[in-house]
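Use the sequences and the hints to build the structure in full.
In the order they appear, the protein sequences are chains P and L. Be aware that the first sequence starts at 1, since it is given in my numbering, and climbs by one per residue. Be aware that the second sequence starts at 1, since it is given in my numbering, and climbs by one per residue.
It does not matter which identical chain is used: a pair holds within one copy or between any two.
List time: in silico PhoX-like cross-link candidates among lysine-lysine, alpha-carbon distance up to 25 Å:
| # | residue 1 | residue 2 |
| --- | --- | --- |
| 1 | 91 | 127 |
| 2 | 354 | 83 |
| 3 | 91 | 354 |
| 4 | 204 | 65 |
| 5 | 354 | 300 |
| 6 | 204 | 401 |
| 7 | 2 | 300 |
| 8 | 408 | 204 |
| 9 | 65 | 2 |
| 10 | 127 | 83 |
Bear in mind the hints are in silico, worked out from the structure with no lab data behind them.
There are 2 protein chains.
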Amino acid sequence: MKSDIDRLMRERELDAIIVTGGEEFNTARYYLSNGARITHGAIFKVIDEPALLVCNRMEVEEAAKSGLVVQTDVELGYYDRLKEAEGDSQKATVHFWSDVLARLGLSEGRVGLYGAWQVNKTIALYKLLAAELAQYEFVAEAEGTLIEEAMLTKDADEIRRIRSVAERTNAVMAIVWDYIAGLRRAGDDLLDDGGRPVTIGDIKALTRRELMARGLEDTAMIFAQGRDAGFPHSRGEADMPLQAGQAIVFDLFPRELGGGYHHDMTRTWCIGYAPPEIQATYDRVMQAFDISVEAFGLNKPTHLMQEAVLDHFEGAGHPTIRSHPSTMEGYVHTLGHGVGIDIHERPSISHMRKDELCQVGNILTIEPGLYYPERGFGVRVEDLFVVDENGELVSLTPFRKDLVIPLKDDGGEHNDE
Amino acid sequence: MKSDIDRLMRERELDAIIVTGGEEFNTARYYLSNGARITHGAIFKVIDEPALLVCNRMEVEEAAKSGLVVQTDVELGYYDRLKEAEGDSQKATVHFWSDVLARLGLSEGRVGLYGAWQVNKTIALYKLLAAELAQYEFVAEAEGTLIEEAMLTKDADEIRRIRSVAERTNAVMAIVWDYIAGLRRAGDDLLDDGGRPVTIGDIKALTRRELMARGLEDTAMIFAQGRDAGFPHSRGEADMPLQAGQAIVFDLFPRELGGGYHHDMTRTWCIGYAPPEIQATYDRVMQAFDISVEAFGLNKPTHLMQEAVLDHFEGAGHPTIRSHPSTMEGYVHTLGHGVGIDIHERPSISHMRKDELCQVGNILTIEPGLYYPERGFGVRVEDLFVVDENGELVSLTPFRKDLVIPLKDDGGEHNDE
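What follows is the structure, given as structure tokens:
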């Protein structure tokens, strides 16, 4: 968690870190600035010292909300450096960073670079830093980075925020369930009060409205029906009409409005009735879900959970990415991932990652699934869990896990030939 | 525009470009993949050849919407490379890229790197590319990049999309105006039908709902009142009640839902009545707005427009960033910027950028303003313009530019002491 930063710097022998970037949403900057809504600015932190947020003068009021020490680029002399560099902003930045580091008492040492930015600008700046500032060694981590390690466990405030997003997301899922349950069936079409066929686009619009009313924003939900549900990341076609008796994968992973913490959950639904093949596949996935939860253990490697699921699916004759690494059918993804400011964080729950442990403060998904696009369906079920202070795996996603949404005025007459 | 890419590659002596990145929104990838909603994947383009989109197998259906040639990382052998590299994804990526370039017929040459990604991962990958693939020279542009140059002029389809976003944004502005005009005044408070004071948070929520109903998403609108309006990038405090007779800067710059093209506009409003000092400042800003539009000329440098405004404000005794480079009062920003997939694109309209010209296909803002936070107000007025095929500067922002929102049942009795 955030309070580990100095320790993580020490482990990496970093004397300072700099978090930089452009106007893109910048996870590391959001994290270390405690969510300040700035679009420019860099964070400088010397080990065991408080962090300094250097902001654009136009954003000084927003920057102050970070709780960090704040100074503007103007007062620290950026524009003097820009003038010296005849308008070359990268050259100015290099000398400005050297000024700031010196002012923070660091005249030499190892400096870790983090943040998010254009690939081309990042590389160009790095080359200039390496060429011009020989007194510093600039360190770039590829994997297991300081920021990732810090975010791997959440502090109490982060858990509180994610719990709140979870409650609101579960509530929206319930509203969508109830809306669908109230539709009228005509053959396999589903009609609204006005007698119009309801589309996936209608459901997504309802979901977005209800999220927004609760201070959340959609980040590209999946509501994929039939064959589309068989591709784990197909988003679903807005103009496709809802159909009874089809598998629908509804993966909802909104975040706090404007960027912030996520919740992540998936349900698979059949409206009105479930064909036996989909029901059987669903039951198999639910067994896998229960097996994963059983396989959890505090400080136990996460890959054991994935392997339990792989064993289960392979034992029932389904191809997996372990048995058939390039398969597009069967169980084609890993079991889960951490969730926070990013939708995919650590820990991974993968048979390819033997080094991940379940720790107190992890927030992670469990989401087994089976996919048969050529047979016209896919199934996934996903809850978000916290590993609480007692080391227990606690679901943040209490919403019901029924496959079939019964239609309120469907007197049981259906069409499951 | 997009059709210039081969020419722009030739000018830079690039034999190929690679656009890469992580799950972050990636402007270059969005642009070159024609808006495909993928979260993984890289684009490879050899000069004068069609682009290849390499996607994750889970996103193949979405990737196909790009209209590019699509292949999955599985079929191109990424996972074999990953196995060889014993799970080191950066090492695997380096050799995979070499495989893909070779398959596209490029065994040596200059390769431009673009996209958006974590700073640390980008630098680490670049170092590995440079070390392992000596047959290629990897080129990273800091300024005036190929992507920026291409996006500088919009094609007919892009202009059509931005026009549509503009129409919808203007419609939402009108709804907010009408809502405010219908409020009831009690002193300087503004009450809704239920007699509750309306807050900035209420107005932002209304705005977001109306945007969403039109397929748009807010990207951090500014609705800043009083002293907050005096800081160009203060977002406004959600719990602050609306007040009559205060300057309100409303800067609305939504984009297509899920990422896409923007529109950008600002109005400054006083509800019920305007104090004379704010009215006089507003009139001065509107003169500057008209002067900017007058100063436009096809193929004329943009800085002349900014300089006309600087002359105008300085002549009236206002400090500017030219006369007082570190000022926090007066005219503290540049006159405008291009708008597209990013909210800030080229061309810049700045006295610091002498090299920008107004060209057919530019989409750009004009947004003069004056800021006096210590006197409790700021003023900005902004339209978005297209330089059309006739070389004319045409506003996409017809919404009225009145300072005062008259209250419907305010019999003129006000409080402008």
